[in-house]
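Start from the sequences, fold in the hints, and give me the full structure.
In case you want the letters, here they are:
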Amino acid sequence: MATPHAATGAPGAATSPTSPTAPAAPAAVKILIAGGFGVGKTTLVGSVSEVTPLRTEEYLTRASVGVDDLSGVDQKDTTTVALDFGRITVSPELVVYLFGTPGQERFWFMWNDLVNGALGGIVIADTRRLESSFASIDFFESRGIPFVVAINCFHNTNTRTPDEIRAALDLDPQVPMLLGDVRERVFGRDLLLALVDHLMELASVAPVG
Amino acid sequence: MGPYGNDARGDGRDSTWDGRDDVRDTRGTRDDRDTRDDRWRRGEVPHWSELEEEDAEDESGSMVRPYTITRGRTAPERDDLTLITVLTTVEEEAAAALARGSRAGVRGLQPEHRMILERCRRPAAVAEVSAGLDLPVSVTKILLGDLVAQGLLRARAPLSVARAAGGVDLGLLTAVREGLRRL
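Chains as they are written, first to last, in numbering that gives the first Met the number 0: chain B, 0 to 208; chain U, 0 to 182.
Treat the hints as calculated values from the structure; they're not laboratory data. The beta carbon of each residue, even a glycine, is placed where N, CA and C say it ideally should be.
Simulated coverage check for chain U against chain B, where a stretch passes if three residues somewhere in it have a Cβ under 8 Å from a Cβ of chain B:
{"id": "1", "segment": "119-133"}
{"id": "2", "segment": "174-182"}
Some but not every residue of chain U turned toward chain B, in silico, with C-beta under 10 Å:
{"id": "3", "residue": "L80"}
{"id": "4", "residue": "T81"}
{"id": "5", "residue": "V136"}
{"id": "6", "residue": "T139"}
{"id": "7", "residue": "R153"}
{"id": "8", "residue": "S159"}
{"id": "9", "residue": "L171"}
Chain B residues, not near chain U, derived (Cβ > 12 Å throughout):
{"id": "10", "residue": "L168"}
{"id": "11", "residue": "M176"}
{"id": "12", "residue": "L178"}
See the structure below:
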């Protein structure tokens with residue numbers, strides 16, 4: 000049962016307005032869209048976003064561990080990583096941002112600002128190369144971020160049953176999996192609703208310990 | 000240059016804000032009134048999703064080292080700005096600061112600061128401001144931090160979704176669900 004802990008009418012840390020005429024800032028949450036390279040992340044963002052997906056960039060610096068660098072000199076390696084995102088204004092008080100994660104996991108794994116505080120995720124998988132989405136599933140599982148799986152069927156080449164796909168992805172039975180076409184707004188909406196329902200289920204289960 | 004181009008939308012110019020304001024016209028390439036969405040609806044341009052996705056090579060590059068804009072600073076004055084921290088211009092203070100012009104010495108407003116203040120008259124997330132300025136998130140955060148520190152911008156932190164305390168607030172989820180159903 001859900002305990003109505005901290006029934007927050009105005010959740011979040013808003014600075015108190017100094018001007019009554021200023022527009023009130025909406026609260027924001029984010030949902031991550033992940034999956035292998037070219038699997039349709041930006042397409043899904045766009046199918047449900049109220050604006051054409053925007054693109055932003057970030058510099059990520061990693062200290063490369065010179066595996067094949069015999070000199071032993073630590074190198075710092077700065078990469079520019081781009082991500083596309085969209086927005087759904089749920090109400091004047093609440094906005095959902097959808098972030099398509101950069102195509103190569105090694106980049107977004109180290110982008111803490113991107114993954115911290117995410118409400119949940121959607122992993123898109125393509126049945127022709129399911130393995131390209133393994134890393135995303137692993138990532139959400141390891142970070143404890145709830146997610147749903149979208150099997151993108153827009154190539155109409157899916158000959159596998161949902162059970163086969165689920166087994167191939169080694170999905171937890173509780174993780175929702177939907178088949179559809181990520182270009183379709185209705186499918187995008189259903190995925191988001193499935194994620195929210197999944198989160199509600201998790202929230203209504205009393206935490207263990 | 001990273002492996003990700005900045006041109007998933009095909010033209011890299013039009014769609015940056017959300018089609019409702021024209022701040023970005025300082026770049027001088029776009030039609031004031033028509034967003035790319037508008038033109039797409041009229042069938043004049045392909046839908047962005049039909050364009051090459053994700054792996055277009057960035058050929059434009061930047062002629063200015065990005066931290067030039069921040070006068071060499073590489074870290075913001077505050078570290079609590081996230082991608083979805085929502086910023087709103089504090090109108091009176093911002094108007095006064097803008098009226099003072101940029102003669103106020105090192106604390107004066109740069110063009111990017113002014114663009115931000117104009118943009119955030121309607122609340123916008125850090126990611127949106129970054130996309131609109133065409134500057135990396137880390138650079139944008141430094142500029143935003145300046146304005147927050149001067150009281151010209153208000154920052155609203157994202158909602159907490161901490162799961163340790165027994166999951167996400169059900170009231171929040173219900174509100175999100177209601178909004179999504181209208182999609």
